[in-house]
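Peer 1: Sequential numbering from 1 applies to the sequence shown in the numbering used here.
It should be emphasised that the hints constitute simulated quantities derived from the structure, not laboratory data.
Beta carbons are placed, not taken as given, at the ideal position from N, Cα and C, and that holds for glycine.
You may find that some hints are simply not true.
[What the hints assert, rightly or not] Derived CB-CB ranges, DEER-like:
| # | residue 1 | residue 2 | range |
| --- | --- | --- | --- |
| 1 | D81 | E121 | 27 to 35 Å |
| 2 | D61 | W112 | 22 to 30 Å |
| 3 | Q87 | Q126 | 43 to 51 Å |
| 4 | P100 | N69 | 14 to 22 Å |
| 5 | N109 | H83 | 16 to 24 Å |
| 6 | W118 | H41 | 23 to 31 Å |
| 7 | A97 | R42 | 19 to 27 Å |
| 8 | D116 | N56 | 23 to 31 Å |
| 9 | T68 | Q126 | 42 to 50 Å |
| 10 | K36 | D116 | 30 to 38 Å |
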Amino acid sequence: MWRYFIHIVFVVLSCHVEAQVTRVVVDAFSGYDGFKLGRYHRDAQFYLIHCSFAANMADQDIYLVPTTNTIRWGRRIYYYDCHKKGQEYSWYADNLASAPGAPDAAGINPHWVFRDKWDPEKEAQQ
1 MWRYFIHIVF VVLSCHVEAQ VTRVVVDAFS GYDGFKLGRY HRDAQFYLIH
51 CSFAANMADQ DIYLVPTTNT IRWGRRIYYY DCHKKGQEYS WYADNLASAP
101 GAPDAAGINP HWVFRDKWDP EKEAQQ
């Protein structure tokens, strides 16, 4: 499943192709006290770029839910320029350089995410 989010706020209340990614840009994450950032139970690939996390977020990285699913491509969670109000946590330190192809944060755009198969920005203008 492809996903592309931009300028949205997440309030916390499958991947079938290795190249499929979830990209989150300039977003604020908030939720109930101790909310967890995320989880996955199938192959997943996350790129969180310029994110802002609420002070009440739990000190827990995006995690793999115990599952019988085969995780073929391992853990693929990448952060760039993410910050949290109050105490910062080390697990969302910049690690984009360790992603396949070491993409530049500015180059992670719809063309990169969708491999030029779909242009949501162009479609939104129509």
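Peer 1: Would you mind marking each hint as holding or not holding in the structure?
Peer 2: Verification of the supplied hints:
1. D81 to E121: 27 to 35 Å: With Cβ atoms ~21 Å apart, the hint is violated.
2. D61 to W112: 22 to 30 Å: Roughly 24 Å apart at Cβ, these two residues keep to the hinted range, so it holds.
3. Q87 to Q126: 43 to 51 Å: Roughly 45 Å apart at Cβ, these two residues keep to the hinted range, so it holds.
4. P100 to N69: 14 to 22 Å: 21 Å, holds
5. N109 to H83: 16 to 24 Å: 22 Å, holds
6. W118 to H41: 23 to 31 Å: 25 Å, holds
7. A97 to R42: 19 to 27 Å: 26 Å, holds
8. D116 to N56: 23 to 31 Å: 39 Å Cβ-Cβ, so the 23 to 31 Å window is violated.
9. T68 to Q126: 42 to 50 Å: 43 Å, holds
10. K36 to D116: 30 to 38 Å: Check passed, 34 Å falls within 30 to 38 Å.
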